[in-house]
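Numbering-wise (full-length UniProt numbering), the sequence shown opens with residue 1 and increments by one.
Calculated from the structure, these hints are not laboratory results. Each residue gets a CB set at the ideal place from its N, CA and C atoms; glycine is no exception. Where hints are given, some of them may not hold.
Derived DEER-like restraints, expressed as beta-carbon distance ranges [stated by the list, open to error]:
1. 523 to 141: 41 to 51 Å
2. 348 to 622: 37 to 47 Å
3. 654 to 417: 21 to 31 Å
4. 598 to 355: 40 to 50 Å
5. 308 to 414: 43 to 53 Å
6. 348 to 108: 50 to 60 Å
7. 654 to 445: 33 to 43 Å
8. 192 to 523: 32 to 42 Å
9. 372 to 157: 41 to 51 Å
10. 148 to 233: 31 to 41 Å
11. 101 to 451: 30 to 40 Å
12. 627 to 598: 34 to 44 Å
Derived BS3-like pairs (lysine-lysine); straight-line CA-CA distance at most 27 Å [claimed, not checked]:
13. 452 to 476
14. 87 to 284
15. 471 to 452
16. 90 to 284
17. 476 to 434
18. 609 to 471
19. 434 to 471
20. 87 to 231
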Amino acid sequence: MSNGISTGAAKGAAKGAIVGVDVGGTFTDLFHYDEARGSFRTAKVPSNRGDEAVGFLAGLQSFGPVAELGSIVHGTTVGTNALLERKGAKVGLITTAGFRDVLEMRRRDRRHTWGLWGDFVPVVDRDMRLEVAERTLADGTVRTAIDPEEVRACARRLAEQGAEALAIVFINAYANPANELAALEAAHEVWPNANLECSSRILPEIREFERTSTTALNAYLQPVVGSYLAKLDNALAGEGFGGRFHIVQSNGGVMSTDTARRLPVRTALSGPAAGVIAAAAIAKAAGFPNVITGDLGGTSFDVSLVVEGQTMLAAQTTIDFGLVVRTPMIEITTIGAGGGSIAGVDPGGMLQVGPESAGSRPGPVCYGQGNTRPTLTDANVLLGRINAERPIGGKLARLDVDAARKAIATHVAEPLGIDVMAAAEAVVRIANSKMAGAIRLVSIERGHDPAKFAAVPFGGGGALHVGALIKEVGLKAALVPRFPGVTSALGCVIADIRHDQVQTLNLPLAGIDAGSLDRRMVEEAASARAVVESAGLSVERIDLVFELDMHYIGQTHTVAVPLPVSVENGTAGPTTGPTTGIDEATIRAAFERAYQASFSRLLPGVGAKIVNLRTAAIGRRPHFDLSALAPAAGTTMEGAHAGSRPVWFDGAWHETAVYNRLDLPVGAVIQGPAILEQPDATTVIDPDLSARVDGFGNVIVERSAR
1 MSNGISTGAA KGAAKGAIVG VDVGGTFTDL FHYDEARGSF RTAKVPSNRG DEAVGFLAGL
61 QSFGPVAELG SIVHGTTVGT NALLERKGAK VGLITTAGFR DVLEMRRRDR RHTWGLWGDF
121 VPVVDRDMRL EVAERTLADG TVRTAIDPEE VRACARRLAE QGAEALAIVF INAYANPANE
181 LAALEAAHEV WPNANLECSS RILPEIREFE RTSTTALNAY LQPVVGSYLA KLDNALAGEG
241 FGGRFHIVQS NGGVMSTDTA RRLPVRTALS GPAAGVIAAA AIAKAAGFPN VITGDLGGTS
301 FDVSLVVEGQ TMLAAQTTID FGLVVRTPMI EITTIGAGGG SIAGVDPGGM LQVGPESAGS
361 RPGPVCYGQG NTRPTLTDAN VLLGRINAER PIGGKLARLD VDAARKAIAT HVAEPLGIDV
421 MAAAEAVVRI ANSKMAGAIR LVSIERGHDP AKFAAVPFGG GGALHVGALI KEVGLKAALV
481 PRFPGVTSAL GCVIADIRHD QVQTLNLPLA GIDAGSLDRR MVEEAASARA VVESAGLSVE
541 RIDLVFELDM HYIGQTHTVA VPLPVSVENG TAGPTTGPTT GIDEATIRAA FERAYQASFS
601 RLLPGVGAKI VNLRTAAIGR RPHFDLSALA PAAGTTMEGA HAGSRPVWFD GAWHETAVYN
661 RLDLPVGAVI QGPAILEQPD ATTVIDPDLS ARVDGFGNVI VERSAR
């Protein structure tokens, strides 16, 4: 969405220490920011897969007593992992008679285009999808009211069959939720837990499959995310924490944990979204409004596009085949290429890297925790790019280079009949190629020239591969943030508070009742604003954003139409009160601008239709001055220089200068080959590249002028 209009200053919580926490598969990253003093600290501790509260608390305790913290904002991948690994809860679905198979019919698509077979299994088994007699027409008229006892009987039956969560989805409930709400009330009377919701309270929007899928996936995640958050809440309570605890949403905004428990589907891309928010802010401040972010963690590489400083929001995302979530999300492409991605030779003699990952347990071979199959991290260690004597995260005293060499020799070099160093370099090149492919997918294939974009690599491993990202894709530069390993945690701190709502209208534009639409927009704005105000975090103002989904009559695809209006005090139709001042001419002009921008033409003489009204309330967090991250005065190149070591590039060893990255002064210029080390990441400067330190402490990597 765009064209946000401020509604003035908003009172929020008092300023205090806020901590952003990003829990990854291998490490938990933290960024502590004291709003009153303007000071910050960072931390990186091992994650504890299966009981993340252990690593979560260990990181918080590194800053002092947890009870003294003002607020905590958490980016989580629990929902993402549950969907990808199909480890959600057992779900029951109550729906309108005749519509129990919507989840399987989907959009008449198939995983395998050709042939008469398929292997898709919906998240709700067919025997867990029950029908009741009810009918609401498309105009909102209730033809058949529900029988509360029939609903209660279905709920009891599903609970007896082991359902842990319940979803209620009735046809045309977006037009009139009366039957759904009545069914929800009836089910509440017999359902054994709080894990139940109906579609009109999650996605009151036309299109039955998307609404059913989103509601079912929300139920699928409720017990998983709820249990996870309960563990964290209990751990924090045990430390005497009395502040606010919030979760980053997939749209890059922040929501309360109560909202996250009710709408866990909005956390599907929580962790990656926080990193994109921080990367976009860092790049914009540094003078790079067009960037491609790349978050390389232990298991995956997440890529996103930022154009003119704005993240790309999608109204709908497919997490995996058939798992469609219709809620605003930052567009992120994920591939299985992380530091823990396992390398090996397949039966056809081809070298493969990922998607299988060693994760944090047992982790790469060089961690010495029992793994014997080589990973991308093992290759980087053997090539000398990672300092085996100074591993990041503080978990290990040193890395086992000999074990990494043996694993690569056994599983890669010997099967391919090549030297072990060539094998290690091949592993890195395969991973680089996969990362480059993901970047091309979000740039070239969407009509963007990568030569006009810079890469922003972050995460624990992103900066190891800056050279390949520049050279293989043709990017103009790479911007490595001051603290690449904790970028997602920084994003948790600076992310705005955001709440999105959608309501289907289905109205022709010609002759529209502007007064009625105005009142609807004012009501939606008030509702969304109230959610943001209840979050309890300090904000400078609350912006309200209105957007319509529209199309020409006869079309099925819609375009997003931002409306340049705000909620002001004045006269709204026959009553006195807030108004947006919306009218037919304003909507028509906005629609034609949006349609022209998307399709380079208009359809004169064809009427337009409004499908959905989208409303977002955005609480703008206090400005975070990124110059606070800059190197301290008095740092020098000589003081940062930490000697040299041989590093393998392009088939040969190169004596490579090593620098303590955080000690490099503003304006420093480093000619490759060079290694920049810091506690949370390592940056590799290839022999044909150079780097410079900007005023924010970022490292700008470019092709060498010589």
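Outcome of the hint check:
With their beta carbons about 22 Å apart, residue 523 and residue 141 fall outside the hinted range of 41 to 51 Å. Evaluation of the 37 to 47 Å hint for residue 348 and residue 622 yields a failure: the beta carbon distance comes to about 56 Å. Checked against the hint of 21 to 31 Å, the pair residue 654 and residue 417 passes, with Cβ atoms roughly 25 Å apart. Between residue 598 and residue 355 the C-beta distance comes to about 34 Å, which lies outside the given range of 40 to 50 Å.
For the hinted restraint 43 to 53 Å between residue 308 and residue 414, the CB-CB distance of approximately 50 Å keeps it satisfied. Separated by about 34 Å at the C-beta atoms, residue 348 and residue 108 break the suggested range of 50 to 60 Å. Hint check: residue 654 to residue 445, Cβ distance near 35 Å, so the stated range 33 to 43 Å holds. Hint check: residue 192 to residue 523, Cβ distance near 35 Å, so the stated range 32 to 42 Å holds.
For residue 372 and residue 157, the Cβ-Cβ distance of about 49 Å falls inside the hinted range of 41 to 51 Å, so the restraint holds. At roughly 34 Å, the beta-carbon separation of residue 148 and residue 233 lies within the given 31 to 41 Å, and the hint holds. The given range of 30 to 40 Å is broken by residue 101 and residue 451, whose C-beta atoms sit roughly 48 Å from each other. In this structure, residue 627 and residue 598 meet the distance hint of 34 to 44 Å, their C-beta atoms being roughly 38 Å apart.
At roughly 6 Å between alpha-carbon atoms, residue 452 and residue 476 fall within 27 Å of each other, so this suggested pair holds. At roughly 38 Å between alpha-carbon atoms, residue 87 and residue 284 are farther apart than 27 Å, so this suggested pair is violated. The straight-line distance between the Cα atoms of residue 471 and residue 452 is roughly 14 Å, inside the 27 Å bound, and the hint therefore holds. A threshold of 27 Å between alpha carbons decides the hint, and for residue 90 with residue 284 the separation of about 44 Å lies outside it, so the pair is violated.
Of the supplied pair hints, the one linking residue 476 and residue 434 holds, its CA atoms being roughly 19 Å apart against a limit of 27 Å. Taking the CA atoms of residue 609 and residue 471, the gap is about 46 Å. The hint is violated against a cut of 27 Å. For a cut-off of 27 Å, the pair hint linking residue 434 to residue 471 stands: about 14 Å separates their Cα positions. The suggested pairing of residue 87 with residue 231 holds, with an alpha-carbon distance near 18 Å, which does not exceed 27 Å.
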